[in-house]
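J.: Residue numbers (this note's numbering), protein chains in the order written: chain A, 4 to 666; chain B, 149 to 277; chain C, 4 to 274.
Just so you know, the hints here were simulated from the structure itself, not pulled from any lab data.
Dumping the calculated DSSO-like pairs for lysine-lysine here, alpha-carbon to alpha-carbon at most 27 Å:
1) A/K343 with A/K409
2) B/K251 with C/K17
3) A/K353 with C/K148
4) B/K169 with A/K404
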Amino acid sequence: MQRIGVFVCWCGTNIAGTVDVVKVAQTLANEPGVVFSADYQYMCSQAGQDMIKEAVKKHKLTGLVICSCSPRMHEATFRKTAAAAGLNPYMVEIANIREQCSWVHKEMPIGTEKAIILGKAAVAKVNLNAPLTPGESPVTKRALVIGGGIAGIQTALDIADAGFPVDIVEKLPTIGGKMAQLDKTFPTLDCAACILTPKMVDAGQHEKIRIFSYSEVTDIGGFVGNFHVTIKKKARYVREDLCTGCGLCTEKCPQKKVPNEFNLGMDTRRAIYIPFAQAVPKIAAIDEDYCTMLKTGKCGVCAKVCTAGAIDYKQQDEYITVDYGAIVAATGYNPISMDKFDEFAYSQSKDVITSLEFERLTNAAGPTAGKLLRPSDGKHPHTIVFVQCVGSRCSGADKGKEYCSKICCMYTAKHAMLTRDKYPDTDVYVFYIDVRTPGKNFDEFYRRAVEEYGVHYIKGMVGKVTPDGDKLVVQASDLLAGKQMKIDADLVVLAAAIEPDKSARPLATLLTASMDTNDFFTEAHPKLRPVESPTAGVFLSGTCQGPKDIPETVSQAGAAASKVIGLLAKDKLMGNPCVAHSDEMMCNGCSSCEKVCPYGAITYADKEYRMPDRTTKVRRVAVVNEAVCQGCGCCTVACPSGAMDLKGFASAQIMAEVDAICK
Amino acid sequence: MAERNNMKEQILRTSGVNPLKCMRCGKCSATCPAYDEMEYHPHQFVYMVETGDIEPLLNSESFYKCLTCFACVDRCPRSVEPAKLVEAARLMVIREQGKNRLKPDDIPAQLDEDMPQQLLVSALRKYSK
Amino acid sequence: MKVSYFPGCTLKNKAKDLDTYARRCAEVLGITMEEIENWQCCGGVFSTAKDEIASKLSSVRALAYAAEKEQILVSVCSACHNVLKQTNHAMQNDADFALRVNNYCAPDMAYHGETQVMHYLELLRDVVGFDKIREKVVNPLTGKKIGAYYGCLLLRPGKTMQMDDVENPRIMEDFIRAIGAEPVVYAMRNECCGGYVTLEDKNLAAKTSAAVLDNAAAGGAELLVTACPLCRYNLVKNGGRDLPVVYFTELLAEALGVLDATQGVKEENNG
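Okay, chain A solo, but in the shape it has when bound:
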């Protein structure tokens, strides 16, 4: 029989305001097994914890019931208290009489009655608790970063600088991501390439960093500290060990008509290409969709001109498997398609562009060498209209996103300001719903666009863009003037909403990491654990977790790195002892549990058993890998013979709780 101590917390008035804590303590004192019962103002305080420790010694307690707040809040605290008093920490049960009781009831008698019932259930469970000991597993001291944008690069650099090896897997031929496509960055207007490319070089040259470019993660097994990851290195038909990045092949390739994705299709590249001059690694790749040699077997120009002999038309996709202790998702974002917003005539006119296309049009390395020219006729635009919130903050329709994309207000202010700065002969209009500039020096930046650069900010949305001759007639609301206005524009720039990269959803499945309805990765806690996925060992960096700008991305990337470093610095990981366990004598080897296990933690083994008649028999029985099991309990429900049970949450314990509640 257990000797149970009950400790009822007031939580100031949080609990005591609606629950008669004295009555709860008195009533629970009469429950079977309870030898001590008390109440106290703040049980989690040092004094409260000391009171528990003293009671354990004085009354020789073997189990504790704490009637307090949610176990999410202080279960760990009270388990430590128990351990300090010499008890097994798993002999503690929390009865949540705050979130599940005092906070949801208004009347004292009802709150008190429910608190007593919850306390009785916890007592009933502790009566059946057994001491549990967590297992240990080793940690592979190498991290994987998926995605080579600024988020992935920064995370990798920080981890590598702490001395741990890191691999970056990037699906494109170079790292750099979206930031490499940007012109200047707000609010300081440093050139994006000037601050990014040194970091790309650092990553490329760091002795602890390996970059798998033009590669994808295709399979992930294992668990925190012990992931096994399969990486597909797509055939680039160029040998990485030989290519010097001289670029001769990309000049001689006769296939010139390939849309250049780096410039968002606004110009062309060759079939063999290096995405941009500062690419890391600076190794060419052949686009198999366009290469004449790969398609027809007739060409071979690049092989002829390559002095390094790096071209290999026979190269195949290669799969490698690497072990990691931690994985960081840094898969980034893309602007949404403008297909469903054709009231802005994006599909009808080349002079209606997205903001990312505008970045390329103003970038010195872009299709117009940095001159702002209309895509349709190469003329200099005089009237430029920016439309904010295109596809952001939408509701109910099957188009657009419900969230604010967060970066558009600032980059639009930047575009408008730079346009006016470079071309004082332009008229620049920005149609906005709200200008959102919470960030250091952000509002000052936006005000400069208005006050110093004379950008016309108009509160109201654009309703229709009508291409008419070489003009774009922009029809919009000016809500403050109370009129509908029309502007004959030369160029219209749409601040398209951003969405997570399409590779994020399948990656989340591989990682068993959770996502929200918008396909952003979910953090373990929105405030207190913002860079961790709820899946142990998986961390989040950058816009794959939610829209954010470069400063925020870099901070979060560093935070994710520090979490990874904290994990990799450990030699062993303590597991969760509340895992499934199969009673081999009852197991009939039916495989039901294996089929429902979401973590692949159950396998089967043939074992020899001595039977009652003294013969030996080989039986197929389920075996749980305790390191992989997350304790979800699916198997215990699926098991037809009752062999499978969950330590710490055994069926008998749950039934005892239910009985106590229903009594």
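Use these hints to put chains B and C onto chain A, whose structure you have.
T.: Then chains B and C, alone, in the frame of chain A:
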């Protein structure tokens, strides 16, 4: 005040619209082809119904200018459907005894030989009860 | 294949062409349009008011009639199609409305939106197929630059009408291609002509119609096609520009070689 709330409630019920969804971007008014002919514009219908300021809407002729083209409905980023509020306000007026905007007797004077029947039935639906 | 056909008031009167050519072409394409018995006018516009019941009963009767015959309900006039489709949508999704309608109509019928409502253009696209039309064309309208005028009723509200992308539709452009002509895409093709307000305010209709025609002409259209008699009336009467506007069925008939009734008879005799 009670009367005011009552009118608001009736418009909300008839239209099925929730004006609280509006984020005040003005796209409805930006896209409205009848904007210049209206005293109160689509976004004002939404805002004034939300605040219960119904009477000026009913005393204005703005809703007779609405083309029911649903441009505001389809382009509203928040799915507010302003045209339905305009319709509800219009019905609130013409459903009253003697408030028909268009009387059958008015029609002969307006006819021309190419006028499709569809025009007459539509106009009678919109302007009369 | 047989379909139920709701012609509507105007197609029996001022827009007889729209009706005649639609039926004649349907026969060529292997579809018989069976006119609904005792159909009543749809009312021209759908009231979005949830408590507006009586004015929608004629549409419900037509829908129920097609349901009984287990046929698709087809109309050619954009306005009729809009009213029928929106009414059907309300019968499917607004339980209170459906209950009140059915209570009123009981015991003759109980209808809950089973009928599939199609515009003639959808019939061409989804049942016949534009490829098949292309095969049947005997007089391709090669070289003609035609602007499709959708107006508002064919497409909107998009959630209910579900015909095409509301902002970037292509069904009429595909139709124009199928009959051998060249479509002219212009931005105002899905903006309102002025509709019934022309009776109340000619100036407004003149402004809206002119905006459509000017934009179409600037895009190089030599001819516009529409499916709506009121659109045609407004554009021609109030548009202030000499740009011909015809019903799409007329061009279809021309392309299929049945523009002239005697041609049609000959065709039928030969076939």
